[in-house]
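Student: With the hints as a guide, bring the two chains together.
What follows is each chain in one-letter form.
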Amino acid sequence: MFSFRSFHPLRVRRGARRPLPYFLEGLCAGFPSPADDYLDESIDLNDLLIRNQPATFLWRVDGHSMREAGIFHGDLLVVDRSLAPADGDIVVVIVNGERSLKRLQIRKGQLTLSFENKDYPEGLALHEGDEIEIWGVVRCSIHWHRAGG
Amino acid sequence: MSRIFALIDANSFYGSCERLFDPSLAKRPVIVLSNNDGCAVSRTSDAKPFVAMGQPYFQIKDVCRRENIAVFSSNYSLYGDVSARLNQVYRQFSPEIEVYSIDESFLDFSGFGDRNLEAYARELHETIFRWVGIPTCVGIAPTKTLAKLANRVAKSSPDLGGVCDLRDQGKREEVLKRVPVEDVWGIGRASAAKLQRLGVITAADLAALPSPFARKLLSVVGERIVHELQGQPCLLLEQVAPQRKGCAVTRSFSARVTELDQMLEAVSAYAVQLGEKLRHHSLATEALTVFYHTSPFDTGPQRSVQKCVTLPEASADTLTLLRAARDGARAIWKEGYRYAKAGLVTMDLVRLEDAPRALFDAYDREASARLMMALDAVNAKFGRGTLHPAAAGIKRPWSTQFNMRSPRYTTCLDELPLVF
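So the protein lines, in turn, are chains A and B. Each residue of the first sequence is one higher than the last, beginning at 1 in UniProt numbering. Each residue of the second sequence is one higher than the last, beginning at 1 in UniProt numbering.
The following block holds chain B by itself, in its conformation from the complex (with noise of 0.2 Å):
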């Protein structure tokens, strides 16, 4: 049976939601800023004649002024809860489905016999928009690479009315030919420039490629692109999320830091966020990464430093955490620089029951696990943070500032839109 699958994502989605509550932005362009209001990573389409992606605040900051964007810090809560809504929509349109990112999924659409597909993803389209207030584009087609190709088609022909079918092959081989092949999910920037001296220029050229040419010049991964390309799937919707390989909790700071006790205290309390992802997951890890550095933006001498900390066995205790992350955050310090961001990262994680004890230092897991409980459950019933570690401190003056963070409309009972 041929298969087929459906991307749909959201039109601008962070600048979607918050014009879902807020009525006046309806003619007001809208941008998102990363973290610590650091650069813009949504624009909604009237904004991005003026802002560019991943532009830092303090560069388009007159721009925004003078265009009267609106400008918002992210409001992870806002988002997270209307993805839910978009996914929950989606598994009544199909029973199986693909998170692939907090605004894009893909679709099985196989199996659904002699059903208009188009007229389907149209009424998903609308569905959409009618339910949860979001704008979408839905891209259909044989594989997921060329559904992905396909949802860009809808994005950027307004007269699809945001849905764009490719299933035809005739049709498929006008798109692809119109296609650079740079903007072909899964080939990066270094392919693309591989590929353009070899003149291969278009999606189309890309998919006309040998397949052991296609091997041996981009490996098996860039000869499945070209598989997918021409019709064949490849991929398979991932529905189950894979066991996370990695975990990682980094910050900009909101001010610049300069004394090694800020340092440690920054650091201390990821550590005590990095215990709660691994503790949720029922994972542990032998080994963190602790790293920080200037900015670039800065002038002034720059660095840029990370130690790796080995822990006697696998834990996911915050205290266990915390001591290696200060212990290497202490170890690279010097002083003179004006650092603005830190992280803690970690790689290999293993499950907490499977891995293997230490034979000396070994901890005493059941008391630490006694202990995370209790800590969990009380910050679970008292709100996030209330009982952490003194060492991840009191007033975090390095702490992410959120300044221009619309109201959390979906998940705070204080903070819900108001009617008059």
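Isolated chain A (complex conformation) (with noise of 0.2 Å):
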């Protein structure tokens, strides 16, 4: 009897790991490999990049405002919104409903959020009665070296 449950198209689709193979040989009863001894667990991408996947969103970057900071229009952006806003961090923040790729410093209490663009207006002082959202930490981000991805 056929099973139909196999070839679902959700199955198929839903597959988010795409481990490297594991056993090398197949099971033979000769002279098993000498490699097999050796072997690790392979490496998952997705557990390099998500640590709380729950909470983990990708986000695409539109714009040139962080090129010094290494991301670049069209880039992806993995941001985990269980992460506490560190000096330092970039972040997706809303500021005043729009939303926005800033870096996040952080001296004496003082907040400050700024582009990385030699092109654009120095840092972005926040003025008073501006109502800031930190939206997620951006844990990395994925760019693409060849063309058509």
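It is worth saying that the hints were derived from the structure and are not from the lab. Computed from a predicted model, the values in this text were never measured in an experiment. Some hints could be false.
Have a look at the derived ranges for each label pair, beta carbon to beta carbon [claimed, not checked]:
#, chain 1, residue 1, chain 2, residue 2, range
1, B, Q92, A, A86, 18 to 28 Å
2, A, T112, B, L160, 34 to 44 Å
3, A, N52, B, G383, 22 to 32 Å
4, A, R146, B, L236, 47 to 57 Å
5, B, R189, A, H143, 52 to 62 Å
6, B, E366, A, H64, 58 to 68 Å
7, B, G383, A, C140, 25 to 35 Å
8, B, P296, A, D47, 50 to 60 Å
9, B, G300, A, R146, 38 to 48 Å
10, B, V350, A, A86, 49 to 59 Å
11, A, E41, B, P158, 40 to 50 Å
12, B, G300, A, H64, 52 to 62 Å
13, B, A374, A, D47, 51 to 61 Å
14, A, E41, B, L236, 33 to 43 Å
What the simulated footprint calls covered on chain B by chain A, stretch by stretch (three residues with Cβ under 8 Å from a Cβ of chain A suffice, anywhere in the stretch; the number is not a length) [claimed, not checked]:
#, stretch
15, 128–138
16, 192–206
Yeah, the Cβ is synthetic: ideal placement off N, Cα and C, and Gly gets one too.
Tutor: The structure is reproduced here in structure tokens:
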């Protein structure tokens, strides 16, 4: 009897993990591969990039405001909402209802949010009454080096 | 051991999902419409004074414009993804949870010993808001019915900070007096009317009913509710979804359907979806009900018809379902009406491998399984709807529309939120 289950579209698409092969050799009755003793766990990019899955969201960079930080137009950002924002973090921040990517500095309890692009105005001093909400901390960014991804 | 349940649910869930990725909505009322932009199914608290639950969109278009209410089509890809995240976090707070609906889950808080459960619930509430960005309310109580009630109290009293703990009996008695009987979980409109005639007005009145009387009046289900209100748990967590007994694919048309060809195309497309659903659950059906009807909001003649088509034996084969759906739809067709909605409904689903074989007209199940597997595999690889029977239509003028859907922010690489 065939099982339909194994071929359901959702299952196939949801296969989030793409581990590199763990067993290089199929089971065989002959001489085992000497390399089998040296196999480590496979590397899973999800594990590497995502620490807290339900709190992690992907954003896309639009514009050049963080060029000097090595973040470019079109890059993907892995944003973790569960990380406590710390001095030096790059954050997705909502300033007066606008989404913005900024470097966060905390000096003596004073918050500064700044762009990192020489062509942009220096820093962005916050004004009294500005509404600031840090949406999440950027854990890493993903940049493709080959056209077409 | 006494049991403790928590019910956590998201406030205006769909609206909160929209706000999460669009900060310009933070101070705007938001409503979300049902399929085909039919009626309001979710309202943020600031939209509630202007829009009633379930109100048709055409009735509220003007007030939405006047009050600057943001209106969205349903974005189930987004809501489903956010819902899955919520439940992932809930599982870190309790090993036993029941996903009750897309925005509500029961958590078992029994056996946590001396832990301060109210503080624990507050931690859950705050963690959810910080991690997933969705506001919630939590109710804690010794039964599921009371937890549901506690959750309502948390929602309607902002000063509680989103958590209401009704484990204390004295406090519970106070609260029950203030809750109308029709707001008790499981008490429908008809039962509420019956109870009110007898002077049972509040949840406290209901809890005070003698058990045999409650049973006579409202059957065992009602008796169970009385016990639950008294603090004796009768309902446990349903952690494994029961096998689906029925399955339906129903949709409103984006434009009225007046031609038989279009109707046949629509039910064919629903049959394709029904087949996919059944195969996903390894289920099959022996009969299929086709229905379609006009809209009560239209002037002009009204018609509502249905037809049950029986198959020679249980099947989950798209082509078999499709033929049955078309036969049924054709049999009840009548010109001269403007049909607004159609659907396919199946009851008494069976597991395909347990289904008895027909003596005559038996299907070639193995050939069917191979064909359906190929169909599902192609659609899995190249996207849903890549390969489908031509009978289900190519242009589909009747198909569901989502004119005001927000981007699928979390499930589509091309629709991720942008940051500047």
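Student: Does each hint fit the structure? Answer for all of them.
Tutor: So, going through the hints one by one against the coordinates:
1. The hint said 18 to 28 Å for the Cβ distance between Q92 of chain B and A86 of chain A, and at roughly 23 Å that hint holds.
2. Against the hinted window of 34 to 44 Å, the Cβ-Cβ separation of T112 of chain A and L160 of chain B comes to about 37 Å, which satisfies the hint.
3. Between N52 of chain A and G383 of chain B the C-beta distance comes to about 30 Å, which sits within the given range of 22 to 32 Å.
4. A hinted range of 47 to 57 Å for the beta carbons of R146 of chain A and L236 of chain B is consistent with their spacing of about 55 Å.
5. A C-beta distance of roughly 58 Å is found between R189 of chain B and H143 of chain A, which places it inside the suggested range of 52 to 62 Å.
6. Separation of E366 of chain B from H64 of chain A is about 59 Å and conforms to the stated range, judged on CB atoms against 58 to 68 Å.
7. In this structure, G383 of chain B and C140 of chain A meet the distance hint of 25 to 35 Å, their C-beta atoms being roughly 29 Å apart.
8. The beta-carbon spacing between P296 of chain B and D47 of chain A, approximately 54 Å, falls within the hinted interval of 50 to 60 Å.
9. In this structure, G300 of chain B and R146 of chain A break the distance hint of 38 to 48 Å, their C-beta atoms being roughly 60 Å apart.
10. For V350 of chain B and A86 of chain A, the Cβ-Cβ distance of about 57 Å falls inside the hinted range of 49 to 59 Å, so the restraint holds.
11. The hinted window of 40 to 50 Å between E41 of chain A and P158 of chain B holds, with their beta carbons roughly 49 Å apart.
12. Range check, G300 of chain B to H64 of chain A: Cβ separation about 58 Å, and the 52 to 62 Å hint holds.
13. Distance hint for A374 of chain B and D47 of chain A: a CB-CB separation of about 34 Å, inconsistent with the stated range 51 to 61 Å.
14. Range check, E41 of chain A to L236 of chain B: about 39 Å between beta-carbon atoms, so the 33 to 43 Å window is met.
15. Beta-carbon proximity to chain A at under 8 Å applies to 4 residues in the stretch 128–138 of chain B; the threshold of 3 is reached and the given coverage holds.
16. Only residues whose beta carbon comes within less than 8 Å of a beta carbon in chain A count, and the stretch 192–206 of chain B has 0; fewer than three means the coverage is violated.
Of the numbered hints listed earlier, those contradicted by the structure are 9, 13, 16.
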